[in-house]
Amino acid sequence: KIKPSFQRIKVLEYLMVNKHHPTVEQIYSSLKKLFPTLSKATIYNSLNLFVEKGLVQPITIEETEIRYDSTVESHGHFKCDCCGAIYDFDVDVDSLPFSGLDNFIINSKEVYFRGTCHNCAAVRN
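Taking our numbering, the leading residue of the sequence shown gets 1115, the next gets one more, and so forth.
Treat the hints as calculated values from the structure; they're not laboratory data.
Note that the coordinates shown come from a computational prediction; the quantities given were computed from them, not determined experimentally.
Note that beta-carbon positions come from the ideal geometry of N, C-alpha and C, so glycine has one too.
Incorrect hints may appear among the rest.
[Stated by the list, open to error] Simulated crosslink set (EDC-like; lysine to aspartate or glutamate; CA at most 20 Å straight-line): (1) K1133 <-> D1216; (2) K1154 <-> D1202; (3) K1193 <-> D1204; (4) K1154 <-> D1183; (5) K1223 <-> E1177; (6) K1124 <-> D1183; (7) K1167 <-> D1204; (8) K1167 <-> E1224; (9) K1223 <-> E1187; (10) K1124 <-> E1139.
[Said to hold, decoys possible] Each pair of labels, with its calculated beta carbon distance range: (11) I1175 <-> S1143: 17 to 25 Å; (12) D1216 <-> N1239: 40 to 48 Å; (13) F1120 <-> Y1226: 32 to 40 Å; (14) A1236 <-> K1115: 42 to 50 Å.
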């Protein structure tokens, strides 16, 4: 159970409306304009709580960048190497074939693709 503070509600609303998989910095920059007293620590604490409670999932396609996704159902992510946009795509992660992990405990399954998105590919051609 999460105690619904004003700041937490605003962070979660932002994630629900902005489906572009924002970073902490993007969330902070957008919300700071509306709520000048908001701190970056509040954003981090809210996101950590949302992740812990399963409301949000962190996405780490780049080792140096964590983004957040409010869609927690199983799906994959595609990151465009040209424009940096991240797209969701449907994939049944549970039916992907793999071997060699007998007696392993799998804590998470993530599918990431990288390449050129349809918008950037159209500009190139």
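For this session: Provide an ascending list of the numbers of those earlier hints which the structure does not satisfy.
Result: Numbers 1, 2 and 7, in rising order.
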